[in-house]
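Based on the sequences and whatever the hints tell you, model everything.
Residue strings, one per chain:
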Amino acid sequence: MNLVRFLAVNIVGTLLRVLPFPCKTGLVKIGNPDRNSPVLLTCNYHLTVERVKRALRGINAYLLLANSRGINVWCASAGGLFTNHDVISVLKTSGIEELVDRRDLILPQLAATGVESKVIGEKTGWKVYWGPVRANDIPAFIKDKCQKSPEMREIDFPFMQRIEMAVAWAFSISVILTLFTIPLWREAVFPLIFLVWALSLLIFVSFPLYSRWLGPEGKRMGFILFDFGRGGFQLILWGVVILSLIIYSIAAGDFRWGFILRWGFVTSIIVVLLSIDLMGSTPVYKSGLHEDRLLRIILDEKKCKGAALCEGVCPRNCYEVDRDRHIATIPGASRCVQCGACIVQCPLDALYFKSPKGGIITPEAVRRYKLNLIGRRLVKVEGR
Amino acid sequence: MKVLESTPNRYDRGICILTLGRLDKTYDRLASHIREGQRVLDLGCGTGALTLRAAQKGARVKGIDINAQMLDIARKRVAEANLVPNIELLEMGVAELGSEKSESYDAVMAGLCFSELTEDELTYTLREIKRILKPEGLLLIGDEVRPKGTSRLILNWLIRFPLVIITYLLTQTTTNAVKNLPEKIEEAGFVIDSVTLSKIGNFIELVVSKPQGGAN
Chain C
1 MNLVRFLAVN
11 IVGTLLRVLP
21 FPCKTGLVKI
31 GNPDRNSPVL
41 LTCNYHLTVE
51 RVKRALRGIN
61 AYLLLANSRG
71 INVWCASAGG
81 LFTNHDVISV
91 LKTSGIEELV
101 DRRDLILPQL
111 AATGVESKVI
121 GEKTGWKVYW
131 GPVRANDIPA
141 FIKDKCQKSP
151 EMREIDFPFM
161 QRIEMAVAWA
171 FSISVILTLF
181 TIPLWREAVF
191 PLIFLVWALS
201 LLIFVSFPLY
211 SRWLGPEGKR
221 MGFILFDFGR
231 GGFQLILWGV
241 VILSLIIYSI
251 AAGDFRWGFI
261 LRWGFVTSII
271 VVLLSIDLMG
281 STPVYKSGLH
291 EDRLLRIILD
301 EKKCKGAALC
311 EGVCPRNCYE
321 VDRDRHIATI
331 PGASRCVQCG
341 ACIVQCPLDA
351 LYFKSPKGGI
361 ITPEAVRRYK
371 LNLIGRRLVK
381 VEGR
Chain B
1 MKVLESTPNR
11 YDRGICILTL
21 GRLDKTYDRL
31 ASHIREGQRV
41 LDLGCGTGAL
51 TLRAAQKGAR
61 VKGIDINAQM
71 LDIARKRVAE
81 ANLVPNIELL
91 EMGVAELGSE
101 KSESYDAVMA
111 GLCFSELTED
121 ELTYTLREIK
131 RILKPEGLLL
141 IGDEVRPKGT
151 SRLILNWLIR
161 FPLVIITYLL
171 TQTTTNAVKN
181 LPEKIEEAGF
191 VIDSVTLSKI
201 GNFIELVVSK
211 PQGGAN
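In order, the protein sequences belong to chains C and B. The numbering used here puts the first residue of the first sequence at 1, with every later residue one more than the last. The numbering used here puts the first residue of the second sequence at 1, with every later residue one more than the last.
Derived from the structure by calculation, the hints contain no laboratory data. For every residue, glycine included, the Cβ atom is placed at its ideal position computed from N, Cα and C. Worth double-checking, as some hints may not be accurate.
Label-pair ranges, simulated between beta-carbon atoms [claimed, not checked]:
id, chain 1, residue 1, chain 2, residue 2, range
1, B, I159, C, R262, 39 to 49 Å
2, B, A81, C, K303, 33 to 43 Å
3, B, S104, C, R35, 31 to 41 Å
4, B, N180, C, R212, 50 to 60 Å
5, C, S172, B, R39, 44 to 54 Å
Okay, here's the thing in structure tokens:
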């Protein structure tokens with residue numbers, strides 16, 4: 001029964017990945033927890049919850065589901081929909097405080113861009129431990145007394161996740177295209193759906209082949225089609241499609257320019273649709289759509305005391321902390337996806353963002369307005 | 001992701017469409033219960049609609065909300081209305097009501113607040129409100145509720161659905177109606193003084209009081 005629900009939620013959740021998918025918030029018991037069992041917290045995105053529960057099989061624990069409005073941990077916390085308040089609320093209102101003796105809370109690492117461990121501690125007395133990025137690493141994390149290996153901290157874009165992204169895009173785009181083509185061009189419905197799925201899978205499966213050409217620097221907005229640098233990956237992909245169309249029609253012994261033109265046009269639209277914000281569709285690059293939001297992370301060495309919270313929450317392993325000299329460095333700055341987690345958590349305010357135009361976004365602004373509002377706030381912040 | 005953008009500057013307009021403009025009158029009626037010199041708490045004060053009304057009656061009002069941007073707008077409006085000495089605005093959730101003193105408020109107001117809460121939060125909040133209200137203190141509520149009866153539910157859905165779509169497209173805001181609110185309030189040990197339901201039964205105005213000697 002549990003397996004059926006797990007599969008159903010995974011299928012629906014993957015197809016409709018672009019939409020929120022809430023489930024009930026509050027306290028869930030995993031196994032037979034007692035007064036010393038670990039307390040974990042996650043968002044109320046149904047897909048996440050099912051996966052976390054599955055990852056925790058065989059463990060006795062309390063799982064708190066905070067109200068992230070049905071959105072996954074990373075998006076919700078970066079977007080200001082999964083905040084200190086949601087964590088405090090579930091700690092205070094779920095009844096967990098009567099069930100356990102210790103006040104230790106394991107939070108998902110990716111929530112670090114929206115939830116401040118310091119504030120949670122001050123307001124509730126609970127000590128926050130930043131858990132691993134992936135739910136499957138939770139058992140090892142608990143066994144190791146809340147120690148994380150660098151791999152457990154790092155976000156990547158493995159094959160299965162790329163397939164999920166491809167399916168999410170292909171499904172939503174084919175639904176929209178079908179609605180348009182049924183009244184207008186009925187015989188094209190199935191070829192179109194086929195094309196959308198094939199191209200989407202091609203784009204995401206082949207990601208490692210071209211990802212090295214994707215650049216973290218901004219591109220001009222006029223060239224969102226060529227979202228990555230000198231690339232023009234879409235053009236290449238489109239060329240391949242046209243070539244296969246020509247080969248197909250010659251092989252079928254029925255070559256007509258009209259056929260090539262029509263399907264060439266349609267495929268160009270599909271390629272553009274699917275790859276319009278390719279970088280933003282991956283967890284390892286910042287969206288290239290908003291050039292003004294391509295911020296740079298800066299470390300104020302005078303303020304840094306090597307507290308190393310940055311190292312523990314950075315999902316790209318950008319940081320190295322010199323524990324003798326008590327100072328952090330950012331050797332991996334080029335990998336940064338500007339999630340802001342390090343800035344939010346730094347107890348000494350030693351980190352901040354610098355905008356492409358040289359403006360400074362203070363830790364206070366990142367904590368208060370979250371990432372999605374920084375773009376809008378930039379003008380004001382720079383004006384100071 | 002557009003869906004994620006918090007849009008406090010568009011919130012007021014969004015709510016106005018969703019509630020078909022009835023909110024202003026509701027808030028006026030709720031604020032008419034406030035007397036000069038009273039201590040009032042406004043839960044989920046948002047952009048300050050109820051807070052300002054209560055302060056205009058001469059009450060000392062504390063408004064709390066979890067949305068920093070909404071509070072920014074509220075602060076601006078408070079300053080424009082020259083009510084700064086009477087109003088305290090705090091970024092704080094209902095889960096932090098535990099820090100308020102028992103029996104310290106004459107009235108608690110909640111305009112479109114309960115519909116934002118989870119079930120656990122609502123239960124907790126009602127319990128805390130009862131604790132912090134003085135005996136015979138008032139709880140004033142204006143909120144969206146789930147209508148009772150199938151025909152009303154369907155009618156509500158038909159009217160609400162296009163409104164929700166329009167509002168969402170314009171402002172990316174929406175609300176979730178509360179189920180069985182009057183019952184939950186009575187369960188929490190309050191006495192309901194008056195109930196005003198909209199025609200379709202999807203919006204409720206409640207004047208509730210804490211019974212004398214009913215402090216837990």
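Are S104/B and R35/C spaced within 31 to 41 Å by their CB atoms? holds, 34 Å
Measuring from beta carbon to beta carbon, are I159/B and R262/C in 39 to 49 Å? Holds, since I159/B and R262/C (Cβ atoms, about 44 Å apart) stay within the stated range.
In this structure, is the beta-carbon distance linking A81/B and K303/C contained in 33 to 43 Å? holds, 40 Å
Looking only at beta-carbon atoms, does the pair N180/B, R212/C fall within the given range of 50 to 60 Å? holds, 58 Å
Between S172/C and R39/B, does the beta-carbon spacing fit 44 to 54 Å? With a Cβ separation near 51 Å, S172/C and R39/B satisfy 44 to 54 Å, so the hint holds.
Taken one by one, the earlier hints all hold for this structure without exception.
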